[in-house]
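All chains, full assembly: derive it from the sequences and hints.
Note that the protein sequences, when read in sequence, are chains W and B. Take the first sequence: its letters are residues 282 to 490, numbered as in my numbering. Take the second sequence: its letters are residues 282 to 490, numbered as in my numbering.
Hints in this document: simulated from the structure, not taken from any laboratory. It is possible that some hints are incorrect.
[Unchecked claim] As a list, the in silico BS3-like pairs of lysine-lysine whose alpha-carbon atoms are at most 25 Å apart: (1) W/Lys478 to B/Lys306; (2) B/Lys366 to B/Lys299; (3) B/Lys402 to W/Lys339; (4) W/Lys474 to B/Lys306; (5) B/Lys412 to B/Lys297; (6) B/Lys436 to W/Lys474; (7) B/Lys474 to W/Lys474; (8) W/Lys478 to W/Lys306; (9) W/Lys402 to B/Lys368; (10) W/Lys430 to W/Lys366; (11) W/Lys323 to W/Lys436; (12) W/Lys478 to B/Lys323; (13) W/Lys306 to B/Lys402; (14) W/Lys436 to W/Lys339; (15) W/Lys478 to B/Lys436; (16) B/Lys339 to W/Lys402; (17) W/Lys436 to B/Lys478; (18) W/Lys402 to B/Lys366; (19) W/Lys436 to B/Lys474; (20) W/Lys402 to B/Lys323; (21) W/Lys402 to B/Lys299; (22) B/Lys402 to W/Lys299; (23) B/Lys478 to B/Lys368; (24) W/Lys323 to B/Lys402.
2 protein chains.
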Amino acid sequence: MVSKLEKARQDPSSMKGKILAAARKVFGEYGYHGTTTRMIAKAVGIDISTLYYHWGEKRDLYESVIMDLNEEIRQKLLEIENKVKGKSLATRLEIAIDVMCDYLFSNPEVSNFILFLYFGKTRGDSSLNFKVSEYISNIAIAMGLALDKKYIPVKAKASVIAVWNSVLNFISGEDFFRPMLDIDHDEYIVVVKDTLKFILIPAFTQKQS
Amino acid sequence: MVSKLEKARQDPSSMKGKILAAARKVFGEYGYHGTTTRMIAKAVGIDISTLYYHWGEKRDLYESVIMDLNEEIRQKLLEIENKVKGKSLATRLEIAIDVMCDYLFSNPEVSNFILFLYFGKTRGDSSLNFKVSEYISNIAIAMGLALDKKYIPVKAKASVIAVWNSVLNFISGEDFFRPMLDIDHDEYIVVVKDTLKFILIPAFTQKQS
DNA sequence: TATTTTATCCATCAAATGTTGGAAGCGGTG
DNA sequence: CACCGCTTCCAACATTTGATGGATAAAATA
Chain W
282 MVSKLEKARQ DPSSMKGKIL AAARKVFGEY GYHGTTTRMI AKAVGIDIST LYYHWGEKRD
342 LYESVIMDLN EEIRQKLLEI ENKVKGKSLA TRLEIAIDVM CDYLFSNPEV SNFILFLYFG
402 KTRGDSSLNF KVSEYISNIA IAMGLALDKK YIPVKAKASV IAVWNSVLNF ISGEDFFRPM
462 LDIDHDEYIV VVKDTLKFIL IPAFTQKQS
Chain B
282 MVSKLEKARQ DPSSMKGKIL AAARKVFGEY GYHGTTTRMI AKAVGIDIST LYYHWGEKRD
342 LYESVIMDLN EEIRQKLLEI ENKVKGKSLA TRLEIAIDVM CDYLFSNPEV SNFILFLYFG
402 KTRGDSSLNF KVSEYISNIA IAMGLALDKK YIPVKAKASV IAVWNSVLNF ISGEDFFRPM
462 LDIDHDEYIV VVKDTLKFIL IPAFTQKQS
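Here's what the structure looks like:
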């Protein structure tokens, strides 16, 4: 299982890699139940049984996508953490918003996929763990909202969740929200970043209430 | 079609009403594709063909739920609009957050359903229009972020969208986020309201940047 | 009571969907 | 060439799922 994933990550041009990438996109668009194995196979351009040959069950593939995303996001957060070291809180927030937006706008299926995990139940369930909790704590510390790794205030965590969600929503909901604003894609990116900063920075830089 | 819906809305204890309520919940939890007509029938406690007898196709039922929610939310926003008249901006925001949170926490399937509409594509699609655009404009005006009904600034709309989404996310994502905060349901409600106010009010009450 | 309408369920169908077996192609190795 | 492992596809199967027909009961109507 894990070895398959490793192989796919290491060589994205391999068949396993191509399948993983396609699966991520289709699952991200239609959710677990909305996606059929035939849709994924078609996206890769292979026969359905070739897909099964490489990956086995649908659920297996789905869980692999989750693990893959977990790793990718972890990397991204590390990258941000390094970039913001030593900056002021306002600057840290700005950088974090910019980097995260750029990454997610380039990979819109990522935020879509994550939102499906949050809000959609999956029949036959079996709680797949997407490691948000870990991320949230790391972000809270990187942003300087918490000092002690052992104890992060509820307020800090909740705030980070709110921010994190706002980003995901704007990216995944572009098709829905952009027509309402009547602007094009590039303008949308700018508006999203500005809006996030407009809302978030005052909240965190104000005097403690 | 519409007459069926009207009947169901008028008499929630009728079979049509019970079906509509159950459908809303199940669709909200599992999304369109994740929901089977049999699941809905079972939730009502009737045979599947009885369901078809009353509502016809699955898609029909789904669209009825959307129309039903549209109406319900429109009412809720009117209610808020009346409550906040004449108050200060900060107070308007507080009241809006409180009322909206109370409503959605009491009907969690609502926010779930809406989020599915935003982010999930539905195979066979055919754009169902959920009238968010209308809501957003109304809220912007009610909150005093825009003066002219004809022209609402992009910034105002985008801000309202961000707020609106934050609320939905916290409610729908309770199962996901609450364990991270390690608090119980009642505390969660308080934290959500506080966090939303903490983040949003400073943004909108600060001096114009 | 007789008849018609309404509502419910059982059994079933056809299509979609997850999944598998086996044949065929293809590259390398003896 | 003959053999072998790897990959791919065609065909098929079992289950799930959307949807329907017809029998049956309950309620309304005459």
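Now the hints, each set against the structure:
1. Proximity of W/Lys478 to B/Lys306 is assessed by CA-CA distance (about 35 Å); at most 25 Å being required, the pair is judged violated.
2. Restraint check: the Cα-Cα separation between B/Lys366 and B/Lys299 comes to about 36 Å, which exceeds 25 Å; the hinted pair is violated.
3. With a CA separation close to 19 Å, the supplied pair B/Lys402 and W/Lys339 stays within the 25 Å bound.
4. Proposed proximity of W/Lys474 and B/Lys306 is contradicted: the alpha carbons are some 34 Å apart, above 25 Å.
5. Note on B/Lys412 and B/Lys297: the hinted pairing holds, with a Cα-Cα distance of about 24 Å set against a maximum of 25 Å.
6. The suggested pairing of B/Lys436 with W/Lys474 holds, with an alpha-carbon distance near 11 Å, which does not exceed 25 Å.
7. For the hint linking B/Lys474 to W/Lys474, the alpha-carbon distance of about 24 Å falls within 25 Å, and the restraint holds.
8. With a C-alpha separation of about 28 Å, the suggested pair W/Lys478 and W/Lys306 falls outside the 25 Å cut-off, and the hint is violated.
9. At roughly 40 Å between alpha-carbon atoms, W/Lys402 and B/Lys368 are farther apart than 25 Å, so this suggested pair is violated.
10. Note on W/Lys430 and W/Lys366: the hinted pairing holds, with a Cα-Cα distance of about 16 Å set against a maximum of 25 Å.
11. Between the alpha carbons of W/Lys323 and W/Lys436 the distance comes to roughly 46 Å, so the proposed pair goes past 25 Å and is violated.
12. Annotation: proposed proximity of W/Lys478 to B/Lys323 is violated, straight-line Cα distance about 47 Å (limit 25 Å).
13. For the proposed pair W/Lys306 and B/Lys402, the alpha carbon gap of about 12 Å is at most 25 Å, so the pair holds.
14. Straight-line distance between C-alpha atoms of W/Lys436 and W/Lys339 comes to about 39 Å, which puts the hinted pair past the 25 Å bound.
15. Proposed proximity of W/Lys478 and B/Lys436 is supported: the alpha carbons are some 12 Å apart, at most 25 Å.
16. With a CA separation close to 19 Å, the supplied pair B/Lys339 and W/Lys402 stays within the 25 Å bound.
17. At roughly 12 Å between alpha-carbon atoms, W/Lys436 and B/Lys478 fall within 25 Å of each other, so this suggested pair holds.
18. Proposed proximity of W/Lys402 and B/Lys366 is contradicted: the alpha carbons are some 39 Å apart, above 25 Å.
19. As the CA atoms of W/Lys436 and B/Lys474 are separated by approximately 11 Å, the hinted pair is consistent with the 25 Å bound.
20. For the suggested pair W/Lys402 and B/Lys323, the alpha carbons sit about 17 Å apart, so the restraint of at most 25 Å is met.
21. Using a Cα cut-off of 25 Å, the hinted pair W/Lys402 and B/Lys299 holds, with the two alpha carbons roughly 22 Å apart.
22. Distance restraint check for B/Lys402 and W/Lys299: the Cα-Cα separation of roughly 22 Å lies within the 25 Å cut-off, and the hinted pair is therefore satisfied.
23. Under the criterion of a C-alpha separation no larger than 25 Å, the hint pairing B/Lys478 with B/Lys368 is consistent with the structure, at around 16 Å.
24. The straight-line distance between the Cα atoms of W/Lys323 and B/Lys402 is roughly 17 Å, inside the 25 Å bound, and the hint therefore holds.
When the structure is compared with the earlier hints, violations turn up for hints 1, 2, 4, 8, 9, 11, 12, 14 and 18 and for no others.
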